[in-house]
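Trainee: Next come the chains, spelled out residue by residue.
Protein chains: 4
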Amino acid sequence: MSTQHEAVILVSCPDQLGLVAHLTAALHEAGCNILDAAQYTDTLTKVFIQRIHISCGHSDDPKSLQEKLTPLADEFQMKINIRWMDETKRVAIFVSKEDHCLHELLLLHRDGDLHCSIDMVISNHEDLADVAQRFGVPFHYIPISNSGDPDAEQQQTALIEDNNIDLLVLARYMRIFSDTFTQKYNGKMINIHHSFLPAFAGGKPYHQAFEKGVKLIGATAHYATAELDEGPIIEQGVIRVSHKDSVKEMIRKGRDIERTVLARAVRWHLENRIIVHNNRAIVFS
Amino acid sequence: MSTQHEAVILVSCPDQLGLVAHLTAALHEAGCNILDAAQYTDTLTKVFIQRIHISCGHSDDPKSLQEKLTPLADEFQMKINIRWMDETKRVAIFVSKEDHCLHELLLLHRDGDLHCSIDMVISNHEDLADVAQRFGVPFHYIPISNSGDPDAEQQQTALIEDNNIDLLVLARYMRIFSDTFTQKYNGKMINIHHSFLPAFAGGKPYHQAFEKGVKLIGATAHYATAELDEGPIIEQGVIRVSHKDSVKEMIRKGRDIERTVLARAVRWHLENRIIVHNNRAIVFS
Amino acid sequence: MSTQHEAVILVSCPDQLGLVAHLTAALHEAGCNILDAAQYTDTLTKVFIQRIHISCGHSDDPKSLQEKLTPLADEFQMKINIRWMDETKRVAIFVSKEDHCLHELLLLHRDGDLHCSIDMVISNHEDLADVAQRFGVPFHYIPISNSGDPDAEQQQTALIEDNNIDLLVLARYMRIFSDTFTQKYNGKMINIHHSFLPAFAGGKPYHQAFEKGVKLIGATAHYATAELDEGPIIEQGVIRVSHKDSVKEMIRKGRDIERTVLARAVRWHLENRIIVHNNRAIVFS
Amino acid sequence: MSTQHEAVILVSCPDQLGLVAHLTAALHEAGCNILDAAQYTDTLTKVFIQRIHISCGHSDDPKSLQEKLTPLADEFQMKINIRWMDETKRVAIFVSKEDHCLHELLLLHRDGDLHCSIDMVISNHEDLADVAQRFGVPFHYIPISNSGDPDAEQQQTALIEDNNIDLLVLARYMRIFSDTFTQKYNGKMINIHHSFLPAFAGGKPYHQAFEKGVKLIGATAHYATAELDEGPIIEQGVIRVSHKDSVKEMIRKGRDIERTVLARAVRWHLENRIIVHNNRAIVFS
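Chains as they are written, first to last, in my numbering: chain A, 1 to 285; chain B, 1 to 285; chain C, 1 to 285; chain D, 1 to 285.
Be careful, since some hints might not be right.
Copies of one chain are not kept apart here, so a pair can be met inside one copy or by any two copies together.
Taking lysine-lysine pairs in the DSS-like style, the calculated list, with each CA pair at most 25 Å apart, reads [as the list claims (entries may be wrong)]:
| no. | residue 1 | residue 2 |
| --- | --- | --- |
| 1 | K46 | K244 |
| 2 | K212 | K89 |
| 3 | K79 | K89 |
| 4 | K244 | K79 |
| 5 | K79 | K97 |
| 6 | K248 | K63 |
| 7 | K46 | K248 |
| 8 | K79 | K248 |
| 9 | K63 | K46 |
| 10 | K253 | K89 |
| 11 | K204 | K184 |
| 12 | K68 | K97 |
| 13 | K244 | K89 |
| 14 | K46 | K212 |
| 15 | K204 | K68 |
| 16 | K184 | K244 |
| 17 | K253 | K97 |
Derived from the structure by calculation, the hints contain no laboratory data.
Note that the structure is a prediction, hence the values are computed from the model and not measured.
Make a model of the complete structure from these sequences and hints.
Mentor: Structure below.
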């Protein structure tokens, strides 16, 4: 007896006539039914991008689908990424001392709203060990002597590799990784940081925002890249402030919007809704 | 020499395996390239809905596409609605005395942001004749003795039919149509009305909203149906108010959100982004 | 040696000339400095309302301020409510099975963002005992046989009275109180409930919202009164949904907005920012 | 017989004990009733700021109030700004070719929602002459050879001074003024500009925003200062965009948020709700 499998396929290739027809036909022949499909054509770079949610009734190994699509992929120079829904993605959460983003992710996961396992919390401080423990998640304390500390990164990498981690979430992890590390996990590491209109250079951004009298403060979730806080933007949000808000209150409101925006970005990644093209994150909502 | 035509196709039919594959293949055979496609399956009623944006290089009558898809439509009980982009939709705007929604639509149209012609403004008052005139739009004054006035509706219907109007926009038209009229233009008439949390029965809603001390006021754009203010919801928006806002100020804020929400609904309708299924408006954004 | 005390005073009385001058002078004579003041005059009922944040350097009992203001209060028919900041308000949280609102309040409290003690969690189910326990808050399981169950209300009242509870927060407590109970805690009990545009009567509101295809779902925090979900509105919020959101996803989004809106309402109450006049909650932001 | 006059008073001075009491007493003695008052103390600079809305029943010249408050102002180093509501502020609007902000202001003014007269439109292009004309506002075409063109600024200044203009609104006026000009109208000139998270340097900001794949675009209204786009922020707003929005569509959405944000800033300025302290705009809402 065969069981039904669902998968999300992300496809990108140079745009050309008949792509959708060929891809659809190939999936049909492979015994797949299309539950949902969304596409986007980048008109500047002439690149075709499609997200296809399928179900397959095959008794054989679901991985054989990749092979069945290989001739088509070769013909059209397609990059094909298949995510089977019955494979659980494995997530590691990096934190420092603040737990608002960590709590958000743990609670969402517990309620079944994040399609993954949370396999570990890694921190450069011991403060949040008990939060991880309460939710039954292993906590790894790896102190950092300075940014890009090679010993610490080696320990982190070992944990990630030994546990086959698929996604790293930087949930207010206040340390910078080396270029080697960010490149290794390119497209697999999501960061959250505060954002302001206009943007400020230098330290103590909330103090600067207060001094400028901004009326909105925001947060941006993005894939982490070597250039700090410059990777492809997944999601953004803002919250209103006024002259009455002290720096402390602005930081509190900032936490509120950070956790919400980060959680959306992580959920979309886990649902294979995001494809990065030309340093832009295309999000199929 | 052939010219390129673009069209948006809205399809709905009972859900079944292979629909996307068959439809895509039929469009490919008909010489169409798929520029964008989005689909939705209503899991309660098992109905498949798809919006497909195509381009066709055919030299022959674009209307022949409908014929080419007929066998498929018959086989799968498909409703197929094709909107060719080089056919301009014709719009009539109904107003009474308030012009904020009218101005919004006329300015958007002038800036090329509404894909239609605005063929006439119809009103039960003469107040806004000069606004229509400034934008070069014919203005028809049709006084109404009482709601559902058959003489007035006859004149309105004659204007609409004689001018092959495709869409009626009720831009703060403060009169009620007869059931006959609303049924005749079912799915072709968009209305805007204020909305509150919670909703109020009875007259003077802004006064009631003030008395209840609501913190948000909203607007809903929907297709007009026989049951007043109950048709399929196309778009909604809200704006924040406080105890400091007088009834007058709340009405002003309400106008702000009404015009924005109505304009979005009209634009989406003209881009064939909306399909009504089971009294719900599915909006392909 | 005298210490400095801060207080928030809420004043309401029939409007008349010179009120601010007299009140300000009386506070000045009583040795108070005004840190912040905001006022509102209800033009319909001719009622003057003011919130005054003061500091006092007196060595004597801060409660003597009330006495010093008595002559003024008598002269102008003033209701005066003084909340000393160094008195901690005592809060009881009522829950059933859902913990998103409870977690929000416990985390905010732990971070020092709620000016109160959380003295107990009361529930008609045992599910959330461990959440309360983790945060070191006593948990009281009081099962309810039917709405307005007099035995249960007697136990609840005993707990509230014995512990001098100042505020009851209904954080998704899914049972209805008797009129006696709601009247007893009038203005001291905050509830959160979902809100929709338009509103729906009857059960399963999220299913109805899905069927109507609403584009926004909301939440309203209000003081609980005998008429269910009809008390003075403290705060409201909305979140965007689309036809793609299943009922489950709409409920998840609803939880997100509920916890945020409830937390704001509770914080404002604890900061003595709210005065109810004529069934409207005036919120001094 | 005396008539009733209303005024808004903005006060700022070094913070000290008893300020509110003294000021309130002085206003009471001067025969003023306080309709509304809001205050703010900048804790960093120890500066007290208050906005007081009063009514006066005096038969004598309302300007005498300023004199009556002089002793108090001297004693406490107060800056006192009195705006009588029966004096109409005079406004000049500067535009180039885009009219969305101009239309917004003209329509709001026509509806009685801006407490001012609109005395002229000044432009470096002739395109919008007919818009001004329709609303009966004089249009002055002053071409600009290059930024800070002294001849043009001389003509502009002459118009402003000869007509006793109180407020200059830069409603998408795409030219830069000289430092002399901006200093002359410091605190009397409101500008609107697009804002992004993060901000972009260089030209074509919407193209950059598109390339970065931002999810929000915003607008900031501020007082114009010598440093372009860096003056005190009055109001900010954002609107959501996605990868589906073309640069053209992003510009359209940007226009939508620009006009709304600018109109709010202008309305608040005209209601004397804004005081600039330490390069921050304190807005009493």
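Trainee: Against this structure, judge whether each hint is valid.
Mentor: Against the structure, the hints come out as follows:
1. In this homomeric assembly, K46 and K244 come within 25 Å of each other (Cα to Cα) only across copies, at 14 Å, whereas the closest approach inside a single copy is 49 Å.
2. In this assembly of identical chains, K212 and K89 lie within 25 Å of each other by CA distance neither inside one copy nor across copies; the values are 42 Å within and 28 Å between.
3. Proximity of K79 to K89 under the C-alpha cut-off of 25 Å is restricted to the intra-copy arrangement: shortest distance 20 Å within a copy versus 40 Å between copies.
4. In this assembly of identical chains, the alpha carbons of K244 and K79 lie at most 25 Å apart only when taken from different copies (21 Å versus 51 Å within one copy).
5. Taking the shortest Cα distances, K79 and K97 never come within 25 Å of each other, neither inside one copy (39 Å) nor across copies (45 Å).
6. Proximity of K248 and K63 under a CA criterion of 25 Å is satisfied in neither setting, with 51 Å inside one chain copy and 30 Å between copies.
7. In this assembly of identical chains, the alpha carbons of K46 and K248 lie at most 25 Å apart only when taken from different copies (18 Å versus 47 Å within one copy).
8. For the homomeric pair K79 and K248, neither the shortest alpha-carbon distance inside one copy (47 Å) nor that between copies (29 Å) is at most 25 Å.
9. Taking the shortest alpha-carbon separations for K63 and K46, neither the intra-copy value of 30 Å nor the inter-copy value of 29 Å comes in at or below 25 Å.
10. Only between protomers do K253 and K89 lie at most 25 Å apart by alpha-carbon distance; the minimum there is 23 Å, versus 31 Å within a single protomer.
11. Taking CA atoms no more than 25 Å apart as the test, K204 paired with K184 passes in neither setting, with 30 Å inside one copy and 33 Å between copies.
12. In the homo-oligomer, the alpha carbons of K68 and K97 never lie at most 25 Å apart, since the shortest distance is 48 Å inside one protomer and 48 Å across protomers.
13. For the identical chains of this complex, K244 and K89 are inter-copy neighbours only, at 23 Å across copies versus 44 Å inside a copy, given an alpha-carbon limit of 25 Å.
14. Within a single copy, K46 and K212 get their C-alpha atoms only as close as 42 Å, which misses the 25 Å cut-off; across copies the closest is 17 Å, which meets it.
15. When the C-alpha separation of K204 and K68 is checked against a cutoff of 25 Å, the pair qualifies neither within a copy, at 54 Å, nor between copies, at 45 Å.
16. When the C-alpha separation of K184 and K244 is checked against a cutoff of 25 Å, the pair qualifies neither within a copy, at 44 Å, nor between copies, at 30 Å.
17. Proximity of K253 and K97 under a CA criterion of 25 Å is satisfied intra-copy only: 17 Å inside one chain copy versus 27 Å between copies.
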